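**Q** One letter stands for each residue in the lines below.
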Amino acid sequence: DAGVTQSPTHLIKTRGQQVTLRCSPKSGHDTVSWYQQALGQGPQFIFQYYEEEERQRGNFPDRFSGHQFPNYSSELNVNALLLGDSALYLCASSLEHLVGGYTFGSGTRLTVV
Amino acid sequence: QQQVKQSPQSLIVQKGGISIINCAYENTAFDYFPWYQQFPGKGPALLIAIRPDVSEKKEGRFTISFNKSAKQFSLHIMDSQPGDSATYFCAASGYNAGNNRKLIWGLGTSLAVNP
Numbered sequence: 001d002a003g004v005t006q007s008p009t010h011l012i013k014t015r016g017q018q019v020t021l022r023c024s025p026k027s028g029h030d031t032v033s034w035y036q037q038a039l040g041q042g043p044q045f046i047f048q049y050y051e052e053e054e055r056q057r058g059n060f061p062d063r064f065s066g067h068q069f070p071n072y073s074s075e076l077n078v079n080a081l082l083l084g085d086s087a088l089y090l091c092a093s094s095l096e097h098l099v100g101g102y103t104f105g106s107g108t109r110l111t112v113v
Numbered sequence: 001q002q003q004v005k006q007s008p009q010s011l012i013v014q015k016g017g018i019s020i021i022n023c024a025y026e027n028t029a030f031d032y033f034p035w036y037q038q039f040p041g042k043g044p045a046l047l048i049a050i051r052p053d054v055s056e057k058k059e060g061r062f063t064i065s066f067n068k069s070a071k072q073f074s075l076h077i078m079d080s081q082p083g084d085s086a087t088y089f090c091a092a093s094g095y096n097a098g099n100n101r102k103l104i105w106g107l108g109t110s111l112a113v114n115p
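Those protein sequence lines, which keep their order, are chains F and R.
The first sequence maps to residues 1 to 113 in our numbering.
The second sequence maps to residues 1 to 115 in our numbering.
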């Protein structure tokens, strides 16, 4: 199929550690956005990547960083994990300047203990 | 400041009834209004969307009504089924000052359809 693929699906980390989450966008999409969704809340925009550059950023600290590769896949890195970073991390892909909905992956459930 | 206001926060409907979720926006530059459906533990999935030049769009049991002058839009789920029980998010999309397309989310509505 070619939907958005995220890995891993679940992850448990210790406070202070670092984590890397991965996303492969839907076939044909070139833009990747990352969201954090706490339990019972709506998705909060972290940042967006296009042409391997961070193009937009939400209100998240520098501990959150990312990367986009030439094949449009993307990584989200979080350093110095805090308990409050526990959430569902969602990757969404889209096509630049095409008015249309984002396609979301199923997310990575991160638990920080 | 919440640019897209969604109500109600939660909704309980009997099977076969009509579920109605409302959203209001502020920025007239928005040009695309999607609704997403999210089941627990899953990512949001695009349900239906509308452009501001259309007042209504219907796909199966799901209908979006759009009122441009009032800056409001709503989702109607006809003949609601227990399988429709999920969280629904409205959103609005448009270009920001940096000419980048941005998606602004409502806070979500938790829908429960009783059998």
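FYI, nobody ran anything at the bench for these hints, they're computed from the structure.
No experiment lies behind these values; they were computed from the predicted model shown.
One or more hints might be untrue.
[Stated by the list, open to error] Stretch by stretch, here's where chain R covers chain F in the computed footprint (C-beta under 8 Å, at least three residues):
#	region
1	36 to 48
2	57 to 66
[As the list claims (entries may be wrong)] Taking lysine-lysine and the DSSO-like style, the derived pairs with C-alpha atoms no more than 27 Å apart in a straight line are:
#	chain 1	residue 1	chain 2	residue 2
3	F	K26	R	K57
4	F	K26	R	K102
5	R	K68	R	K15
6	F	K13	R	K42
7	R	K68	R	K58
8	R	K42	F	K26
9	R	K58	F	K26
Ideal Cβ placement from N, Cα and C applies to all residues, glycine included.
**Q** Hint by hint, say whether it matches the structure.
**A** Hint check results:
no., hint, verdict
1, 36 to 48, "holds (count 5)"
2, 57 to 66, "violated (count 0)"
3, F:K26 with R:K57, "26 Å, holds"
4, F:K26 with R:K102, "18 Å, holds"
5, R:K68 with R:K15, "31 Å, violated"
6, F:K13 with R:K42, "21 Å, holds"
7, R:K68 with R:K58, "17 Å, holds"
8, R:K42 with F:K26, "16 Å, holds"
9, R:K58 with F:K26, "26 Å, holds"
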